[in-house]
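S.K.: Protein chains in written order, with the numbering used here: chain C, 1 to 247; chain A, 1001 to 1308.
Derived by calculation from the structure, the hints in this document are not laboratory data. One should not assume that every hint holds.
[Unchecked claim] Think about it this way: if two alpha-carbon atoms lie no more than 35 Å apart in a straight line, the pair counts; the simulated DSBU-like pairs of lysine-lysine are:
{"no.": "1", "chain 1": "A", "residue 1": "Lys1269", "chain 2": "C", "residue 2": "Lys227"}
{"no.": "2", "chain 1": "A", "residue 1": "Lys1018", "chain 2": "A", "residue 2": "Lys1269"}
{"no.": "3", "chain 1": "C", "residue 1": "Lys46", "chain 2": "C", "residue 2": "Lys97"}
{"no.": "4", "chain 1": "A", "residue 1": "Lys1270", "chain 2": "C", "residue 2": "Lys227"}
{"no.": "5", "chain 1": "C", "residue 1": "Lys227", "chain 2": "C", "residue 2": "Lys182"}
A quick note: this is a predicted structure, and the numbers were derived from the prediction, not measured.
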Amino acid sequence: MITLYDYELSGNCYKIRLLLSMLEIEYSKHTVEFYPAADHKSEWFKAINPLGTLPVLVDRSHEPQNAGQRRPLQQKTEKPHNEQTADLNPIDGLTLKDSAAILVYLATRYDKTASWYPSSDPAKIAQITEWLAFADGITASASQARLAEGFFYNVDADACRARAHQLFRILDEHLWFAEHRKQRWLVAGDLPTIADLACFPYIILSEEGSISRQDYPAIRRWTDRVKRIPGFIVMPGVFPIGPELSS
Amino acid sequence: MLRVQIASTMAMTETTCKDPVIHNHWHAIAAIEDTGSHVHHTRLLGEDLTYQASTARDTSDSTGDHEFAVSRTAAPDKLLPVHCAYGYIWTCLGTPAQPLFTLPEYAESDRNNVCACSVGVRVSAPRAVENFLDMGHFPYVHTGILGEQPHTEVREYDVEITEDSNEVIATRCRFYQPQAAAGANEGMLVEYVYRVPHPYCSILYKSCPDDESRMDVIALFVQPVDEINIRAHALVSVIDATSAPLAIRMFQQTIFGQDKPILENQLPKKLPLDPRAETPIRADKSAVFYRRWLSRQGISYGVIPAAA
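Here chain C stands alone, though its shape is the one from the complex (with noise of 0.2 Å):
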C-alpha cells in the first residue's frame, strides 16, 4: 500500500501524481495543507519528515528482500482525505521526502516496461539526474515566484522570475535543437522519462507567478506533449489538451 502525503496545489506533489497516474499505480492520498494552515510544519508532520517539506511518499508492501523485484500493486486505495489523526507511529515501510527520490524509487520499482527510469543505461539515467537537479532549480525560481504572488511569501520575486527566465531560455533551446534531431523528449529516446515530468509542474504553473512562457515555443510544444501522454492528469491552474491535429 502506497500513501502520498499531498497538497492538492503543489506543482511538487504533482509530479508524483502524475506518475502514479500514468502507471496505473493504485495510492491514498492523506492531504496535508500546506496553505495557510502550514501543516508541513507541524510536529506531527515532522515526525515523518523532519525536513517539513512536500510530498513525501511512503510504501508500505516495500520489503528490503524483494527490493529488487518489480510487481504491480493489487491493493485498493484506502479512503482518501484520511487528514484527522496523524500516523504518529514509527512508519513501516519505506518512506521517501523528496520528489526526485520518488520518481526514480516508483519508476524502477513498478514500471514494468523500464522506459520511465532506464536504469540499466548509465548514459540515460545520468542525463536523467541532470534535467532532475534541473528541475530543482526550476523549483527554486518559478516555484518560488507562484508562492510570492499566490501565497504572499516573503520572498524576491523579481530575481526569481529573472531565474526562472535563464532556466527557461536553456531549456526551449536544448528542446529546439532536439526537435531538430526528431527527438520530442528531454531525453533522447522513444518514450517520455521521469525527468519530463520532474521538469513539467512548475513550468506549467510559471504564469501563476507572473513568468509568461511566451518567448518559448519549443517549451510550449513540449507541455502539449507531456499533456498528451497516457494516463495524464490536470491539477488546478493546469488545463487538459485536445488530441494531436492530424497533418
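Keeping the supplied structure of chain C fixed, place chain A upon it in accordance with the hints.
M.R.: Chain A only, in chain C's frame:
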C-alpha cells in the same frame, strides 16, 4: 529581462484610492484564525498595512472591536477601524459610511463555518466578483466538480436590485453539478441564490446535499490590494456533519486554483462598466445588473467607468 521589469512596474502601479465609496467601505484583510500576535503585513487600496492580534498595543481607539490592531505601516500609531465578522478581520481606510452587510446564517449553531483560504490573484476586485456570479464557466473550468459537459446550459434566472438593502440578488439559478460540495457523493441539480451586498463581496446560497430545506453558504470577500491585484478570501458555511474542515478547505482551494489562471488572463484587468464594452449573453444577466449597480454608486476603483 525587460519584460520582467515592465510587468513588475505595472503590478506596482501606485493607486491610492480616490473613490470615496470604496475608501469608506469595510474590507476584509485576513482570516482571524490566521492572525497571531506578531506583526503581519498586507496591502489595501494601494497602501501598506500592518496588523496583529492586539495584545501588545494600545487599543483605546473608539471605533470597532479591539481584538486586532490595524494601521497604515506609515502611521503605526493611528489605528484604523476594525470589525471582526464572518471569520475575517475587516478594516476601513476612511470612515465607515455604513455597517458591514449582514450574513445571519453565519450565527446558526449547526453550521460548519470554515475560512477556506486567502489567495492572491492578479485581477481587479470587480472581475473576481463577476466570475463568482458566473455559472456559465462551471463545466469548462470546474470540470467534474461544479459542472460537466453536456450540461452546459445556464437556464433563465431572475435578477433584481433590492430597494431596501441596495443589493444585487439573483434567484432561481439552477445548474447541474457532479460534485456540488465537499460532502456531495453524486451529481445533483443545484439551486443557487446570489447576493452582492458590497461592491467587492458576494454571497452564494446553494442547495445543501445534506438537508433539502436549507442552503449552504459560500462567501467571497475580495480584498483590493490595488486596482488590479486582490486577495480572495473565502468563507464556507455549510450544514455538513461529516466533512472535516480540511476537506471543505481543500474543496474550495481547488475551485479557487482553477479560477485563478482564467481571471489572470482577462483583459482589461479593470472591469469595463460601459454596456457596449463587452458583449453579454443571456447567462450574464447578473453581471449586467452588477455593472449597472456599480455605475449607479459611482464606483471608479477597479473599473473602467462608462463615458458620461
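S.K.: Look at each hint and say if it fits the structure.
M.R.: Here is how each hint holds up against the structure:
Between lysine 1269 of chain A and lysine 227 of chain C the CA atoms are separated by roughly 29 Å; this keeps the pair inside 35 Å, and the hint holds. This hinted pair checks out: lysine 1018 of chain A and lysine 1269 of chain A have alpha carbons roughly 18 Å apart, not beyond 35 Å. Taking the CA atoms of lysine 46 of chain C and lysine 97 of chain C, the gap is near 11 Å; set against the 35 Å cutoff, the hint holds. The suggested pairing of lysine 1270 of chain A with lysine 227 of chain C holds, with an alpha-carbon distance near 32 Å, which does not exceed 35 Å.
Note on lysine 227 of chain C and lysine 182 of chain C: the hinted pairing holds, with a Cα-Cα distance of about 19 Å set against a maximum of 35 Å.
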